[in-house]
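Read top to bottom, the protein sequences are chains A and B. Residue numbering for the first sequence follows this note's numbering, starting at 1 and increasing by one per position. Residue numbering for the second sequence follows this note's numbering, starting at 1 and increasing by one per position.
In case anyone wonders, no lab produced these hints; they're calculated from the structure. Since the model is a prediction, treat every value here as computed from it, not as a measurement. Careful, some of the hints might be misleading.
Below, simulated DSS-like cross-link-like pairs (lysine-lysine); rule was C-alpha separation at most 25 Å, straight line [unchecked claim]:
#  : chain 1 : residue 1 : chain 2 : residue 2
1  : A       : Lys-44    : B       : Lys-594
2  : A       : Lys-84    : B       : Lys-195
3  : A       : Lys-84    : B       : Lys-59
4  : B       : Lys-281   : A       : Lys-84
5  : A       : Lys-44    : B       : Lys-42
6  : B       : Lys-541   : A       : Lys-55
7  : B       : Lys-397   : A       : Lys-175
8  : B       : Lys-254   : B       : Lys-101
9  : A       : Lys-172   : B       : Lys-352
10 : B       : Lys-541   : B       : Lys-489
11 : A       : Lys-190   : B       : Lys-352
12 : B       : Lys-559   : A       : Lys-44
13 : A       : Lys-190   : B       : Lys-683
14 : B       : Lys-683   : A       : Lys-175
15 : B       : Lys-247   : A       : Lys-44
16 : B       : Lys-339   : B       : Lys-89
17 : B       : Lys-541   : A       : Lys-44
18 : B       : Lys-59    : A       : Lys-175
19 : A       : Lys-44    : B       : Lys-614
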Amino acid sequence: MIQYIIRRVAYAIPLLLAVNILTFVLFFVVNSPDDMARMQLGQKHVTEQAINNWKHQHGYDLPLLWNAEQSGLEKLRQTIFYQKSIGLFLFDFGISDSGRNIGHDISERMWPSLALALPSLIVGLLVNITVALMMVLFRNSYLELGTIVLCVILMSISSLFYIIGGQFFIGKILKLVPISGYDSGFSAIKFLILPIIISVISGLGAGARWYRTLFLEEVEKDYVRTARAKGLSEVQVLFRHVLKNAMIPILTGVVVVLPLLFMGSLIMESFFSIPGLGSYTIDAINRQDFAIVRSMVFLGSVLYILGLLMTDISYTWVDPRVRLS
Amino acid sequence: MTHQMMSSFLSVKMRSQVCFFYSVLVFLVGCEMAPLNNPYRKVEPGVSVLYSSFAERPKHLDPAKAYSSNEYAFIGQIYEPPLQYHYLKRPYQLIPLTAEKMLTVKYYNRLGQIIDGKDAAQVAYSDYLISIKPGIQFQPHPAFSRDEKGRLLYHHLNAEQLDGIDVLGDFEQRGSRELVAEDYVYQIKRLAYPKIQSPIAGVMQNYIVGFAEFAEKMQDQPITVLKDMPLDGVQATGRYQYRIRIKGKYPQFKFWLAMPFFAAMPWEADAFYAQPGLIDKNITLDWYPVGTGPYYLTENNPNRRMVLEKNPLFHDEFYPIVGEAGDKRNGLLADAGKKLPFIDRVMYVLEKENIPYWNKFLQGYYDASGIASDSFDQAVQFTGEGDAKLTPMMREKGIQLQTAVTTSVFYLGFNMLDKVIGGYSEQKQKLRQAISIAVNYEEYIAIFMNGRGVPAQGVLPPGIYGYQDGKAGINPFVYDWVKGKPKRKSIAVARQLLAEAGYPNGIDPVTGEALTLYFDTASASVDERPRMNWFRKQFAKLGIKLIIRATDYNRFQQKMRQGSGQLFIWGWNADYPDPENFFFLLYGPNSKAKNGGENAVNYENPDYDRLFEKMRNMDNSPERLAIIQQMQQILRRDAPWVFGVNPKSFSLFHSWYKNIKPNLMANNRLKYTRIEADLRKQKRYQWNQPVFWPLVLIFVLLAISVYPAIRAYRRRLQETIV
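Next comes chain A alone, as it looks inside the complex (with noise of 0.2 Å):
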């Protein structure tokens, strides 16, 4: 297994690259450095001198990705490219165009979306499976009629509209937690309480309906006809063996998300003011702050490898004949 998850970060180097190249050129198709500086430098006043010193002070007025005027290896050394890329690599985000250390910002950043996100996809999956088991369990009945139906209405309702009515009806009618907001330690949990369960409200529809199709097509396998034969009750059938076998798509779906959670919700953390790393890419592409993007864009792509890696191992742990090599 080491050899295999050797050959699979290798494999990760020249794709990360390839991620950091088209970032770089999708960015500076959009944005020149003169635009940054523009931006970094407000609205008012600003003059020529002031934006040639502001890409001379933040190592923007190289060329892009060759610079010819320069022999041999500096000729690739002495770009923009190199300059900003190549400390990724080392997991060296530098410091970002408006003067801050990105990787200071992200150790900081990271904890509030962890906070909301991993308490999110915990209940979120434990509400999800309870009711998929409880369609299958009272299958054909109304109440499977009923949730059925009531989760395709959930999901066919905007995110947005989850969070602004949770916020209206039980933040502001029922005014039972804060509207929005973040603190520290355990103080947050008065603020994480409505994201959460409007993360787990709006994501049980899609949710439940998959978990229960997974559960549909194990009740019907042979060893389950078995342990309905031995006696077993119809919960002891789905919680015994039902789930332990539906567990391998459980987990290619939940695995895989795990180090994504890092990288936070956009819209919950915008409208609950959570400090956290959702909006801090998107607050970077508005600010045209690309020392931050390229960060982030890295970052994403490494955790979502890792989350591939991850999945491919956790195989190995609850399916006994699979083997890595």
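Assemble the complex: chain A is given as a structure, and chain B must be docked to it using the hints.
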């Protein structure tokens, strides 16, 4: 246990359960409890806190870099320039802040002789002498901390010392020192220092003697040598006095001295923050200011909140004892003569979206609020006379409304370099005048701004010297004065002007088709579509076809710099209350396309330029006023702008918010604000009682709907195969 005993026991148990359930219900429904939705931590008794918000983190808190209103909201309370605006008096009046008295200006001719300065052409340079009050202290800060031998404690931090430091508050020791004239001189050197990239460096090099040369000399020098390098035009002439030498005469310079750019900066701050270990931890001067103002920043987490605390070393400053007529009646002199500031702590909380922000304001968790268009109708209604007043719901809550016409202008610009729409011939003037009549800004304000604006009659917005109200102040090319009000000329007049311009019924004689004009905009979103359609319709009234060229902001800026746009919307917000700050937007040498200046329409009229050069160096006087009116008339005739809108700001304040008076020039208003904390606490309790019964109802309904299924399931389990 007998059957009877059993049933008696059950009935007792059931009764107690019912009682318990009923008591919980009564508790949940009836009793008054502390609000559960309070987003703030408990505040120490006797501490007065103001709660405000910010939607976007301020980009800079360094007074040499900061230039936008959201940045000034913070640094205006922390840094102190020598002058400030009187809080209550109008028109805006400069008064000393850290300066002992108003500055003295001496004018010199080319021979170095002192002259009276009335004739600006004779003035070779002007000396501004500023004396500051002795005894003013900087806020407590680790940059000033010294050990017992008098050495600066934290200026050579090693890895061990840096280990436990994450934020500025982690430093154990804090010191202070007295403000001296050298601190002001040092800050002006910082404006010139190229690595700081001050946005006004380009402007100041035109005025301050030796500024450009100093910047050149400091190009590759570290910031630590800045304090010892002399800047010819700025010198400390004593411990508490300094002199700024200006090229020629520049009366507007005094207004710059009321802006944070010219606030005092201790050299120790730069030396302290220049340490690499602190930069890696994002502890920089741009993040943690060091000033002498009424407040200092104790927490700066712009991802969550920013907290200002009262500066314990703040010098004596008192609430004004005089204002303008009506201030006493409005309660604005109730605190006259009292020591400032009134509030102990100001909490700025990150709030990105309007909806939660508005709801929290209504719950009493923010003390003041602007009004987003989503909630405008909920807050404000207009009377038959067009006056804004609060809705009954707002009045019931005791909310106060404050409106003020801002010292800003948004205009529709014509690129004067354009072959079709630009130019200075009578025909071209008539074409632009016709469009000025057709674009109905009264309608625009009503539809897109909820009535929050007044149609501009010229370059100057209300509140700026030279602005004229009433009949004398209207644009006679667009409006008539009818029944004591300006009335937009009819579309027939516009059509007539268009015909005289050579486009009868909007037909271009060259093509024989409708005249086509291009409107460049960076507003490409779907939300902007109605606004663009509205502009199209305004031009269609004249038979002109308007094509919208929506692009991204960078390309739009590029077009403006190249002078390749035709029509566009632009705006300007006053730096200071002087007409020069608006008229320079149309001064020929400031052409954006030719010289990269702020004249976005590239207007160039020798008569206007000559008057501008004369007017800008004059002190306010009837003669200056007459020149201003002449300039307004030239612009109204040439019509390089459709003088669009002077926006009106609408702000809401809770009943506990005191000393509210709009002051669009002052950045340091916070120190005058007072909060009645007890009233706020009482209202918050009253407005935020939690409601539980709908939750109980939902659970009951769920239980009722699931119960038959459970029964059916149990029945199925108990079924036997027959």
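Going through the hints against the structure:
1. A distance of roughly 17 Å separates the Cα atoms of Lys-44/A and Lys-594/B; the hinted pair therefore holds under the 25 Å criterion.
2. Of the supplied pair hints, the one linking Lys-84/A and Lys-195/B holds, its CA atoms being roughly 20 Å apart against a limit of 25 Å.
3. Pair hint Lys-84/A plus Lys-59/B holds up; C-alpha atoms about 22 Å apart against a cutoff of 25 Å.
4. For the given pair, Lys-281/B sits about 20 Å from Lys-84/A by alpha-carbon distance, which is consistent with the 25 Å threshold.
5. Between Lys-44/A and Lys-42/B the CA atoms are separated by roughly 42 Å; this puts the pair beyond 25 Å, and the hint is violated.
6. Restraint check for Lys-541/B and Lys-55/A: the C-alpha separation of about 47 Å exceeds 25 Å, so the hint is violated.
7. At roughly 17 Å between alpha-carbon atoms, Lys-397/B and Lys-175/A fall within 25 Å of each other, so this suggested pair holds.
8. Restraint check: the Cα-Cα separation between Lys-254/B and Lys-101/B comes to about 13 Å, which is no more than 25 Å; the hinted pair holds.
9. Proposed proximity of Lys-172/A and Lys-352/B is supported: the alpha carbons are some 18 Å apart, at most 25 Å.
10. Between Lys-541/B and Lys-489/B, the direct Cα distance comes to roughly 13 Å. Compliance with the 25 Å bound is thereby established for this hinted pair.
11. Our distance criterion of 25 Å between C-alpha atoms is met by Lys-190/A and Lys-352/B, whose separation comes to about 19 Å.
12. At most 25 Å may separate the alpha-carbon atoms for a hinted pair to count; Lys-559/B and Lys-44/A meet this at roughly 17 Å.
13. For the given pair, Lys-190/A sits about 22 Å from Lys-683/B by alpha-carbon distance, which is consistent with the 25 Å threshold.
14. Under the criterion of a C-alpha separation no larger than 25 Å, the hint pairing Lys-683/B with Lys-175/A is consistent with the structure, at around 14 Å.
15. Under the criterion of a C-alpha separation no larger than 25 Å, the hint pairing Lys-247/B with Lys-44/A is consistent with the structure, at around 22 Å.
16. Between Lys-339/B and Lys-89/B, the direct Cα distance comes to roughly 19 Å. Compliance with the 25 Å bound is thereby established for this hinted pair.
17. Between Lys-541/B and Lys-44/A, the direct Cα distance comes to roughly 35 Å. Violation of the 25 Å bound is thereby established for this hinted pair.
18. At most 25 Å may separate the alpha-carbon atoms for a hinted pair to count; Lys-59/B and Lys-175/A exceed this at roughly 34 Å.
19. Distance hint between Lys-44/A and Lys-614/B is fulfilled; the C-alpha atoms sit about 24 Å from each other, no more than 25 Å.
In this structure, the earlier hints numbered 5, 6, 17, 18 are contradicted, and the remaining ones agree with it.
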